[in-house]
Every structure is written in structure tokens, then in C-alpha cells.
Amino acid sequence: MALLSVEHLTSRFYTRDGVITAVDDVSFAVEPGQVLGIVGESGSGKSVACYSVLGLIPSPPGRVEQGRALFAGQDLLQMSARQLRQVRGQKIGMIFQDPMTSLNPHMTIGRQLTEPLRVHGRLSTKEARLRAIAALEEVGISHPQQRFDSFPHEFSGGMRQRVMIAMALINKPQLLIADEPTTALDVTVQAQILQLIKNLQRDHNLSVIFISHDLGVVSHMADQVVVMQKGQVVERGNPDAVFFQPQHAYTQKLVAALPNSAKPSAPVFQEQDPIFLQVEHLNKSYRIGGAGLFKRVSTRIPAVADISLQVRKGEILGLVGESGSGKSTLGRTIARLLEADSGRVVLAGRDISALKGEELRLARRDFQMIFQDPYASLNPRMTVFDCLAEPLLVHKLVEKNRVLQRVNELMDEVGLDRRMIRKYPHEFSGGQRQRIAIARALAMRPKLIIADEPVSALDVTIQAQILNLLLQLTQKYQMAMIFISHDLAVVRYLSDRVAVMQQGRIVEEGDTETLFAAPQHSYTRTLLAAIHHLHRAG
Amino acid sequence: MNTPADTNYEKGRSLWQDAFSRLKKNPMALLGLAVLVIMVTLALLTPWIAPYSYEEQNLALGASPPSATHWLGTDVFGRDQLTRILYGSRISLMVGFVATSVALCIGVLWGIIAGYVGGRVDAVMMRFVDILYALPFTIFIILLTVVFGRSLLLLFLAIGAVEWLTMARIVRGQVMALKHQEFIEAAVAMGLPRWRIMLRHLAPNVIGPIIIYTTLTIPSVILLESFLSFLGLGIQPPQSSWGSLISYGVETMEEYPWLLIFPALTLSITLFALNFLGDGLRDALDPRISKD
Numbered sequence: 001m002a003l004l005s006v007e008h009l010t011s012r013f014y015t016r017d018g019v020i021t022a023v024d025d026v027s028f029a030v031e032p033g034q035v036l037g038i039v040g041e042s043g044s045g046k047s048v049a050c051y052s053v054l055g056l057i058p059s060p061p062g063r064v065e066q067g068r069a070l071f072a073g074q075d076l077l078q079m080s081a082r083q084l085r086q087v088r089g090q091k092i093g094m095i096f097q098d099p100m101t102s103l104n105p106h107m108t109i110g111r112q113l114t115e116p117l118r119v120h121g122r123l124s125t126k127e128a129r130l131r132a133i134a135a136l137e138e139v140g141i142s143h144p145q146q147r148f149d150s151f152p153h154e155f156s157g158g159m160r161q162r163v164m165i166a167m168a169l170i171n172k173p174q175l176l177i178a179d180e181p182t183t184a185l186d187v188t189v190q191a192q193i194l195q196l197i198k199n200l201q202r203d204h205n206l207s208v209i210f211i212s213h214d215l216g217v218v219s220h221m222a223d224q225v226v227v228m229q230k231g232q233v234v235e236r237g238n239p240d241a242v243f244f245q246p247q248h249a250y251t252q253k254l255v256a257a258l259p260n261s262a263k264p265s266a267p268v269f270q271e272q273d274p275i276f277l278q279v280e281h282l283n284k285s286y287r288i289g290g291a292g293l294f295k296r297v298s299t300r301i302p303a304v305a306d307i308s309l310q311v312r313k314g315e316i317l318g319l320v321g322e323s324g325s326g327k328s329t330l331g332r333t334i335a336r337l338l339e340a341d342s343g344r345v346v347l348a349g350r351d352i353s354a355l356k357g358e359e360l361r362l363a364r365r366d367f368q369m370i371f372q373d374p375y376a377s378l379n380p381r382m383t384v385f386d387c388l389a390e391p392l393l394v395h396k397l398v399e400k401n402r403v404l405q406r407v408n409e410l411m412d413e414v415g416l417d418r419r420m421i422r423k424y425p426h427e428f429s430g431g432q433r434q435r436i437a438i439a440r441a442l443a444m445r446p447k448l449i450i451a452d453e454p455v456s457a458l459d460v461t462i463q464a465q466i467l468n469l470l471l472q473l474t475q476k477y478q479m480a481m482i483f484i485s486h487d488l489a490v491v492r493y494l495s496d497r498v499a500v501m502q503q504g505r506i507v508e509e510g511d512t513e514t515l516f517a518a519p520q521h522s523y524t525r526t527l528l529a530a531i532h533h534l535h536r537a538g
Numbered sequence: 539m540n541t542p543a544d545t546n547y548e549k550g551r552s553l554w555q556d557a558f559s560r561l562k563k564n565p566m567a568l569l570g571l572a573v574l575v576i577m578v579t580l581a582l583l584t585p586w587i588a589p590y591s592y593e594e595q596n597l598a599l600g601a602s603p604p605s606a607t608h609w610l611g612t613d614v615f616g617r618d619q620l621t622r623i624l625y626g627s628r629i630s631l632m633v634g635f636v637a638t639s640v641a642l643c644i645g646v647l648w649g650i651i652a653g654y655v656g657g658r659v660d661a662v663m664m665r666f667v668d669i670l671y672a673l674p675f676t677i678f679i680i681l682l683t684v685v686f687g688r689s690l691l692l693l694f695l696a697i698g699a700v701e702w703l704t705m706a707r708i709v710r711g712q713v714m715a716l717k718h719q720e721f722i723e724a725a726v727a728m729g730l731p732r733w734r735i736m737l738r739h740l741a742p743n744v745i746g747p748i749i750i751y752t753t754l755t756i757p758s759v760i761l762l763e764s765f766l767s768f769l770g771l772g773i774q775p776p777q778s779s780w781g782s783l784i785s786y787g788v789e790t791m792e793e794y795p796w797l798l799i800f801p802a803l804t805l806s807i808t809l810f811a812l813n814f815l816g817d818g819l820r821d822a823l824d825p826r827i828s829k830d
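Those protein sequence lines, which keep their order, are chains G and S.
Under my numbering, think of the first position of the first sequence as 1, with each following residue one higher.
Under my numbering, think of the first position of the second sequence as 539, with each following residue one higher.
Okay, chain G solo, but in the shape it has when bound (with noise of 0.2 angstroms):
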């Protein structure tokens, strides 16, 4: 008998815009000891599900409207809010998708743990310091004696998801939720903490929700797949048969656009090209502390230590590292949003690290960055004309009388409708946004362009379809770009060359696939470890 078994579910949202119906008439069922894999986009509604069985969907303006949650024999839905918080304490466990946020910054973590113990297994206070202790070991964290009195900031991010983790499973429950635990840590830490819930799931027979959009992650993970779309479940089975044989043409959809080949074309330029952006010796570090008008400069900590590299007309380099290894520093100082220390930048033959004032200002246009966060990178007060018509006009790239054309061009250009030029950016889609972006960059006619993580906050595939088209303009434009990622994957899909960044140093540059193939760097080597592909059971 099935552990939870969630029949006919359906959630849906009152909003002033409309009722939303977040979940539609959705079931699924974990088997005791067996895990659980919900898959799906952003706004597939694959976390709702899960919470609406909870009670935790905010409620106005959500609404549970039927089904049952049967968890024990006991229907989840039908329990008082009392009775629903000892069965989310107990029984059933979650951990959340950023750790940075699900702690408490001003309690120590024994505190936060033992909090569930006390609440919930009434133990004493040395009792519950005891288990607690024996969690945090359990989990991997060392000494745990001595972490048990510090605080959050003093863990980092894969330790703290750590935390949760020995947080949710402190009560001993018999089913853990796991809401895209790893969505937000590195690559190297995403393998760990995989492997730690894995092991945890194998040694205490628990049963596991796993929820991610990442179908590689899943295939590792999962005895069982959902695939949700829009509130339903359109595709369910074993992970072999969902990923491999997929029948719902959305799941093929999702398959398809995942990056797990080499790069599509061949490259447009020469080997005997002549260089066309060059970086000579670039140090950047930064200062901590000492900002006001009195104060000293105390330390300066380096994020980008002398680093060259070369790019080509038309060439496409990714540049691949964790967070902090100072590749998103490096992109930003060649684009002078940084005052470099030390160390110049060519780029077609002019010294663009030199420029001051309003050489510099004028020179921009030809190096321009796309951003990570395309809800961010756009002023949301600013209509996409107004916001593609700006750069033509301080630049004076085009009449005034043709800037209506040339944004009409740009919009073709990117994909979008030009009946939506007199929108706000609210108004779009993430992919649509990442594209007003790109068709601003491109209203310059720039020469580089610096991509910092342009489709890590975008789903697969909507990912897919942004990188076809920066693939295909910097083709068509014949321009250089700097591709900063984390994901191994995309960065393999979209350049035809790759630099590998540790603390602020290159540690491995060389041809895509062959760096691939054949990585010489024990770093390097443990990020392509680290790779979740889609992963065949049998």
C-alpha cells in the first residue's frame, strides 16, 4: 500500500486577475521507501501540489477544492490545522530549495534543531542536544560538537542545505519532501547533497518527493516520475521509460530541449584568424571594508588574478566555474562595469581598459552584457520601445524618424511580436524578457557581447530556444562572445571554446570537445563528474 496516495487533486488561486487553477485534477502516490519524482517547469504547479496536501498553500487566495490525501489512511485534507502541523513535524519532513533563506539568521543552528525535538518529541534539552549532534554527523557535517552553537552565516550554502536536511529528518519521518533542494547550490555540491539524501533515503527506508526541473537530476534520483504541465500530470512511469521513451509530446519537448550534445554548427571562424578581443594580465580584487571618507583601506581580496585569454571574430567562449571563482568579476571588468588593478583588454585593435569619461561612454557600444535576471535587467517603468528606442537614440545609431523601424527590426530579430512594443516588461514571459535584453545588446551592433549566466534562471525550454538565438546572431553578426556559466552542459552546447576558472585563475582552457573528452585538470575533471546527464537504470 502506498505510503501517500494523492487522488483528484485540484487547487486553485482567486486572484483579482481571475481564478488560476494551480493544480487540475491531479494524482500521484508514493510507494514506502521508494522515491517520488515531480517534474515540471516553473508554474507547472508540481510545488503546489505538494503543499496544497500540506496546508501550506496561502490560503486566501489559494483554495484546496477536492481530492484526498491519503497519507497512513488518513486523509491529509480532512485534518484541523493542529492535527496537519504534528504530521508535517513528525511524520513528514521538507527541505526547501534555497537554504539561504529557510534558517533563521539570528538563531544558532542546535537552537533550530532541537526546536522540532522539544515541540514534537518532548525531550529534554539534553536529550534533544544529543540527537541533534548525532543528525549534523549523520548529514556530513565535521565537529559537530562545536558547530552546534554557530549561527547560519557561518555555514556555507551547501552546508547549510545540510542543515535542513538534518533538520527535516531530525523527528525521524517517514516521508521527506524535497522541494528542488539543489536548485541553487554548485555543481560539485548539488553531487554531495544528492548523494547524502540518497544514502539517507536508502539507510532509514524513507520515502521521498523529489521535485526539480532538472530531468537529469531526477533520473538519477527517482523510482517513479510525474511529469506535470499547466496543473496536470500529462506522463508518469519509470524514469527509463518517462525520459527514454517519452509519449506525452510535452515530455518529448522537455527531452529535446535538454543541452546534452556538442554544438550544433560548426564554427564560423578561422584558426588562423586574427585575434579579436585580447585580455593581457587582468587583476581585480576587492576591498573590504574602509568605504567612508576617514577610513583606511584595510584588505583586498583578489577575485580575478591576472588573467589573459583571447577570442576570435565570431568565436563563442564559455566560461565555466562555481560561484565565487570570479568569473562573473572578470566578465563585469571587461566590461568595464569594474575598474580593473591591473592588465589591459584589445578589442579589435583598441585598448579599451584605457578609455576614460566620455570615450569611454561612447566606446561601449560595442562591448555590451546581457544579465542573469531578466526581471531585474529591465527597468520596469520603461516601456521594450522606449527601453530598445534608448540606445539608438543616445548613440544616434538612426535617424529619429526611422527609430520606430529599427525597433520594429530588433523585435523580428529576437522573435517577438512588434504589437507588444508598447508593453512593460512585466507584461512578458522570462524567455521574452531574456529577449528584449538580447535585442537591446544588439541594438548597438556591438562587437562582444558578455552572456553572465543569460539562461540559468530560464526553464529548459525556454533555455533551448535563447541559446538557438544567440548562436545564430552572434553567426549572423559575426560577433565575439564571452558565455559565463555554471552549466556544463549549455556552455558545451553554445562555444566553441571553453576556460575553466577556480578562485580567479584559469586552471584549463582548450576546444570544447576536447576539454570534454579529455579534461587535464582534476578540477575540471570533478565538474564533468558532476554532471547529472539523464541516466539510464537498467
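One or more of the hints may lead you astray.
Claimed, not checked - In silico negatives: residues of chain S with every beta carbon more than 10 angstroms from chain G: (1) Thr704; (2) Gln719; (3) Pro742; (4) Thr804.
Claimed, not checked - Label-pair restraints from in silico Cβ distances: (5) Pro731/S with Asn401/G: 21 to 27 angstroms; (6) Met714/S with Gln145/G: 38 to 44 angstroms; (7) Met791/S with Arg82/G: 51 to 57 angstroms.
Honestly, the hints are just simulated from the structure, not real lab data.
Backbone N, C-alpha and C fix where the C-beta goes; we use that ideal spot for every residue, glycine too.
Since the structure of chain G is provided, determine the placement of chain S on it from the hints.
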């Protein structure tokens, strides 16, 4: 799907035009706007429509409650209350709007520059604000009066000089939070001139707090005027203002309550109107809030 808005999409509209069309759909804001327009019109027309003279005394009548001849009653000197409120609105509304505009212009510019440029410029600009904050207001006003004598212009200056400080701080804080947003970085990367970034990208995005603070400043300025008048700066009897009428009304409220009720009511109605309009403007200027 082809609504009229869809078909003439090529016609350009600015944020303000958009905001106005949204404001028109907010009945409370329109009501506020209408009340303010009526107040200002009455104030402008006062010399022609006032039933009596503001200084003409009728000691025989003395303080009388509202009646057919004196709708809002008279004060102890037998002066018509309605007339004095009308004349008072000229001073109070002018002080309220002009002094607040002065504070608004200086404060917003100061705050945006300090917040956006940052570093030493910010440190120096904000220490200057701190010093002005620390200066006791009363002494500052008395000094001004001693040096320049008494004039209405000085009144605006004095009020503007204190009220912009808080505005500058609020705006600076907002700008500091905004300037690391990617759309500002994108604007820099596009090679936009600094002034354009400040006016086109930063200013519209700090407008919410600015409007809220402005609607709070206007009433406090109107009341501040009566305090300044008491110190000898600003208006002198027999001229009237809402602030001075209210403070006089407070003294006599046990015997002649109408002397407090009517000026206070006028001020309250104005404040309500301002708040409704302010809230409406704030929402209208945020394209994310209303959907159309």
C-alpha cells in the same frame, strides 16, 4: 483579441501619459484631485468672492456662532470666519505647495546624486545634511529673521531648507538599493550619460516613496507656518492662515468651538484629498500594479 489599444500600438505614450490614463480609472484619486482643484480655485478667487473683508472688525458682534449672515461664525473681534479661512487658504496652500516643491526639488536631486555617485561625494553631501539636521530649527529661523528681516519669500526658504533634508535621506537610501540592480548596470553598460541614468532610470523608480513623503510634507509645512508666524516670520495679524486660525482656535475651543472646528475641518479635507491623490498617483506610476 484586437482591442483598440492593440491596433494603434504604434502611437507612443510616455510613463506620465500612461499614468494619467490609469489615474482616470481611480475614482478616489479623481475625487482628491477635484477637491484640490476647487480649493485652489477658491483661494485664487478669494478677493472677489469673499463675503467680508478679512480685517474688518465688528466688536459689537464679537464671537458669534454660525448664522445666516456669517455662515461659519465670527471670531472675538467679529471678523467673518469664512472670509478668514478663504484668505488663509491663499497663504497656506501657497506655503504648502511652494515650500514642498522647493524641498522636493532639492531633496530629490541631492539624494539621487549622493546615492548614485556614492563614495566621497556621498559622504560629504550627507555630512552636510547631518549638520543642517543638527542645527536647532528655532535658532536657525531667528537668525534668518535677524539677518534678512521678515518676508514671505524667506518663509519658503526657511521651510524648504529644513524639509528637504529628510527627502534627501529617503531618496538616497532608495537609490543606494536600486543602483546595484541589473537594469542600472545595463544602462551604464549601454553607455548612457550619467544624468540620463539618474533622471530616466533612477528617478521614476523611486517615485513611490517620494510621493508618499510629499503628501506627508504638505500638511506638516502648513502647520509649521503657524509656528513660524508665531516667531515673527511669515504672516502677521490681521492676515490669516489655516495654521494661525487653528492655533487660535485651540486657545478658545472651550468657549467658541466653531473657531477650531471649521479651520481644522478645511485642513483635514485638504489632507484627505492629498492622500487619495497621492496614493492614486503612486499606483498609477507603477505599471506593474494596474493591468491594462
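Okay, the hints, checked on the actual structure:
1. Once the 10 angstroms rule is applied to beta carbons, Thr704/S is consistent with being away from chain G; the minimum gap is 22 angstroms.
2. Look at Gln719/S: its CB is around 5 angstroms from the nearest CB on chain G, not clear of 10 angstroms, so calling it non-interface is violated.
3. The Cβ of Pro742/S does not lie farther than 10 angstroms from every Cβ of chain G; its closest approach is about 4 angstroms, which violates its non-interface assignment.
4. For Thr804/S, the non-interface assignment is confirmed: its Cβ lies about 36 angstroms from the closest Cβ of chain G, beyond the 10 angstroms cut-off.
5. Separation of Pro731/S from Asn401/G is about 23 angstroms and conforms to the stated range, judged on CB atoms against 21 to 27 angstroms.
6. Checked against the hint of 38 to 44 angstroms, the pair Met714/S and Gln145/G passes, with Cβ atoms roughly 41 angstroms apart.
7. Checking the proposed 51 to 57 angstroms range against Met791/S and Arg82/G shows it holds: the Cβ atoms sit about 54 angstroms from each other.
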